[in-house]
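Work from the hints to combine the two standalone chains into their complex.
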Amino acid sequence: MSKSTNYIIGVFNDEDVLMDAVGTLRSSGVKIQEAYTPFPVHGLDDALGYKPSNLPIAAFLFGLTGTICALLLTIGTMGYDWPMDIGGKPYIPLPHFIPVTFELTILLASLGMVATFLIISNLKPWGHDPFMFDGRSTDDKFLIVIDLDKNKMDKVALTNLFKQTGASEVNSKIVENH
Amino acid sequence: MQVTSPVRPPLVTGGKTVSDVTQDISRHVENKPTKLWIMAFTLSVITLCYGSYCLWTTWYEGIGMWGLNKTIGWAWDITNFVWWVGIGHAGTLISAILLLFRQKWRTSINRAAEAMTIFAVICAASFIVAHMGRPWLAYWALPLPNAFGSLWVNFNSPLVWDVFAISTYFTVSLVFWYIGLVPDFATIRERATGVRRVAYGALSLGWDGSAKAWQRYEAVSLVLAGCSTPLVLSVHTIVSMDFATSVIPGWHATIFPPYFVAGAIFSGFAMVLTLMLITRVVFRLEDYITVEHMESMNKVIVLTGSIVGIAYLSEFFIAWYSHVPYESYTFINRAFGDDYWWAYWSMMTCNVISPQLFWFRTVRRSIAWTFLLSIVVNIGMWFERFVIIATSLSRDFIPSSWAYFSPTLYDIGDYLFTFGLFFTLFLLFAKFFPVVNMAEVKAIIKSSSAKKDTK
Chain A
1 MSKSTNYIIG
11 VFNDEDVLMD
21 AVGTLRSSGV
31 KIQEAYTPFP
41 VHGLDDALGY
51 KPSNLPIAAF
61 LFGLTGTICA
71 LLLTIGTMGY
81 DWPMDIGGKP
91 YIPLPHFIPV
101 TFELTILLAS
111 LGMVATFLII
121 SNLKPWGHDP
131 FMFDGRSTDD
141 KFLIVIDLDK
151 NKMDKVALTN
161 LFKQTGASEV
171 NSKIVENH
Chain B
1 MQVTSPVRPP
11 LVTGGKTVSD
21 VTQDISRHVE
31 NKPTKLWIMA
41 FTLSVITLCY
51 GSYCLWTTWY
61 EGIGMWGLNK
71 TIGWAWDITN
81 FVWWVGIGHA
91 GTLISAILLL
101 FRQKWRTSIN
111 RAAEAMTIFA
121 VICAASFIVA
131 HMGRPWLAYW
141 ALPLPNAFGS
151 LWVNFNSPLV
161 WDVFAISTYF
171 TVSLVFWYIG
181 LVPDFATIRE
191 RATGVRRVAY
201 GALSLGWDGS
211 AKAWQRYEAV
221 SLVLAGCSTP
231 LVLSVHTIVS
241 MDFATSVIPG
251 WHATIFPPYF
261 VAGAIFSGFA
271 MVLTLMLITR
281 VVFRLEDYIT
291 VEHMESMNKV
301 IVLTGSIVGI
311 AYLSEFFIAW
321 YSHVPYESYT
331 FINRAFGDDY
341 WWAYWSMMTC
351 NVISPQLFWF
361 RTVRRSIAWT
371 FLLSIVVNIG
381 MWFERFVIIA
391 TSLSRDFIPS
401 SWAYFSPTLY
411 DIGDYLFTFG
421 LFFTLFLLFA
431 KFFPVVNMAE
441 VKAIIKSSSA
451 KKDTK
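Protein chains in written order, with the numbering used here: chain A, 1 to 178; chain B, 1 to 455.
Next up, chain B with everything else stripped away, as it sits in the complex (with noise of 0.2 Å):
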């Protein structure tokens, strides 16, 4: 018998059975990709290649071909670095976090964002190691004994904090997600034939199915879930003390551990939400990520905006408070001053005025609005990392070296190399792989969807 809740609307709509599930999600797997992926696809990979070449001469030539100067050592590498991991931390907030809380809405666009959490790590990574000026290099940042005696790294770096938080980060998720995939695996392995076959038997592990297999399953994904719910929590916290554990006027703030996380989960949502309503329409999923979702996830990115808001009050607040000269200029300079005030109005409207609409139901529940306004919240977040970022360097203790930030062709460059890398990946994951978690729709699909009848 179904029972529809007379509270909560269906997740799933369009009266689909389990074998729909399997039908539609393996469609876009095993038919010829279509005329529009094959457009985006060529289009991602050409950003992939110019922006391939604008690294390679910065690699090559070095971080000078960068806008850094005397005073600003940091610009857009950082900036890029702190957005995209930031990015990346709403994959494992739904698959983990909505997990142990038992919310049902996560299962048809966790398996897309976790992708997105991978995808955008490896984004971050390369400008981790693209800052370093000397990338071969790049293994000094690991505790290893090296060829000088028994040298090792700081550990009580932030940044070699950072070495480890985000290498965890990426190893969970990675192992997260693929556990996920495997039992999908199965199911398109035991649709396929030939090539296929094997190449998806390889990548199902030889998944069976049994109850004993589902149990243990079950088990790995909650102790994961544990486990991942204080690193996303922990990694943001980490990357926000590379700057407030210095005493840059601007950075030297106990707020940014929550501040940042609060942050992550803010941009992180907005990008999900660009992610599947375009995902949706190209693969016709309205049916799995419906309305509901959208308005579920706008809830978060309403909530996670507001508490932005009042962090960037608070700072402004506490550096009156503390009585310390450097640190109010700072924030006045940001937002008043001649050089700056256009990134730091940005900020404000696209992260603290512009989610606020989503307290309207019509504007939460608009796909048009919705659409906007999470594309509008991440230029926002890149705004607030800028800000941090440049604001603070720029105007130092001493006049004589101030100095302001203009980016270089590179700049922009090594920025479009990690957008064509990650639309790239998410293009061919969305081609090759289930775009939505079939096994934990199915699972739902009896207490949650809009069935017509049942026996």
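Chain A with its partners taken away, still in its complex shape (with noise of 0.2 Å):
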């Protein structure tokens, strides 16, 4: 059985007033759902209470990740698997094996938390055209989404802040949930 959330949709034309907006909102004791932006705006994931993003941890993990793979790699096949004299270079010449180590070290970074990001945003090329609150939050306005039912006030007195905080518009939204 579907149920629906009623959402209030602030929309601004500046990321200076959303900035301000969102301040006075929380300090109000409003909760907000998310905001939505044409381009990243500094200080807003701050401004929201989200705490800063893992993903460097992860590029950092999957980078050791790299490392520790290339050395098996160029150890093991060069060292161990098949060991043959070139110029009579030591079999394990480490110096010779950073080039590679390093390489790989980047590559398993880069894509390991590209991928990550993707699978944690829910980012994939099929199967969505994904739910816009107000399509013109890609073009030129800023937007900032209350969920009613988990908030205290009601939406006149919610209407009411936005218009005070700057939006240029509010409008509201019904969407079913499945």
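Read the hints as simulated data drawn from the structure, not as lab findings. One or more of the hints may lead you astray.
[Stated by the list, open to error] Computed list of chain A residues with no C-beta within reach of chain B, every gap over 12 Å:
id, residue
1, S4
2, L107
3, I174
[Said to hold, decoys possible] So the derived label-pair ranges between C-beta atoms look like this:
id, chain 1, residue 1, chain 2, residue 2, range
4, A, T65, B, Y139, 22 to 30 Å
5, A, F60, B, L151, 29 to 37 Å
6, A, I57, B, K70, 55 to 63 Å
Yeah, the Cβ is synthetic: ideal placement off N, Cα and C, and Gly gets one too.
So this is what it looks like as structure tokens:
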């Protein structure tokens, strides 16, 4: 059985007004569902109370995996599986293995982090045109979306609060949950 | 309130608003191609077809189709490879290193420069594969256990390092470029209908522009930039080691890694300028790719051009100082001998002397001069690679094996193939993808644009 959620959406024309609005709304005890912007607004994640992303840690771990794999590959193949005397060099000349180790570290760190980013953000090329509260938020509008059910204030009070903070429009939307 | 810096001129001119950016950049993707685009595309495809014929013949008949001889086993193939890889470096430099240094002027040009990187590396790779002689065995360069037992590639060899460096560079650049495109594809998706909406919907991966998504996107961009920065330096360092780890006089030099990296940035920026100056006229992007961008890049060119010049002189000095007769001979012969003096002095004129004109502000800010010199620099850098490779090989240790290299039509045709491929891909990119990074330009528009008035 599907249930619907009522959202109220404040539309802003300017990122600075949006930032101030986020501050005002949160200090008034309003719980913000999400904000949508056409470009990255620095400090918005802090203002919304988001924790810093753990993606750099994921990148480090993937990079470490790359380093270990590369060392196993080079040392394992040249030192143990099929040792060859090449110009009288030692079987395991570590300085010669630095380029390959470095490249595989970078490769796995980059690909691993990007894959993690795509998975946790549910970004994939097939099967969905994402639900947009307002298509203009990819052009020049900034949105603050509030779930009415999760807030104590009613719609009228929230609309007034949005207007006070400088929203150019306040819209509401009912979304069917599946 | 609009804050205009007294010391920094605006990066976006014409009083653009955030909405104007969407309009101006999306227009080229949404409208029918212009006549100029169709003409350029036709020319590129014709060149590509002729080049493909030459490349196919080279593959089918073998590299005996080239002008290689008993002494010169590498000539145009590796020259073109190193040249194209060098061209590619500016893209990653602009997107990664300038991002880490918080240089806002990168935003209008990074998208096209990254596209240039990817296409240039594809062109470079085509020479790597072609010069193997038996390209269908190219997978032998990968560390795969094979049918003959567990015989592996030689990880001591710079040629194997190259395989890892170039493929990593290509993959990471491609991913970096694509992640940057995703929000802009979403912008185009929201404006499109029908088939185009489905296509750009798939390309945009379902991007919705939420604050959480942007936070992660920024983290990814920053770490990718942090990964790409040493990657750029490592790739050309390793390319230079293809030569520097050998014992051929003229190649066996510890100065090669920094010298090649500087040369790569030098030629890459020149190619970005050539392409951007054309793109801004064809797509009417004069407000986004401004004289300020051009001047900033010209400053990088004069710096790296001077580094390259000092490297040439250092090589000469060290050849004399080393007291190795073969080394000294190679350098004296290269500059004053009978056979390759023209290539050497073309290189010196194009790379060392002509970029010095950029010390003059009027030259640096002149579109005509910049366009001319950007092409001169690219020609000069091709000669640099040629001089290093061909002149060092042409005079070996034993005079009986000395020889001169003359290109055949197939050498030229294979080079033309890469031009056809590069421009075909670039024109397709410019038509179907947003050529300027809309999201990033929008982010700087408030601090760096010449807006008439804001509320």
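Going through the hints against the structure:
1. At the 12 Å boundary, the C-beta of A:S4 stays outside the reach of chain B, the nearest C-beta of that chain being 19 Å off.
2. A cut-off of 12 Å between C-beta atoms contradicts the statement that A:L107 is not in contact with chain B; the least separation is 4 Å.
3. Under the 12 Å C-beta cut-off, the non-interface status given to A:I174 relative to chain B holds; the minimum distance is some 18 Å.
4. For the hinted restraint 22 to 30 Å between A:T65 and B:Y139, the CB-CB distance of approximately 24 Å keeps it satisfied.
5. Remark: the range hint 29 to 37 Å for A:F60 to B:L151 is upheld by a beta-carbon distance near 35 Å.
6. In this structure, A:I57 and B:K70 meet the distance hint of 55 to 63 Å, their C-beta atoms being roughly 56 Å apart.
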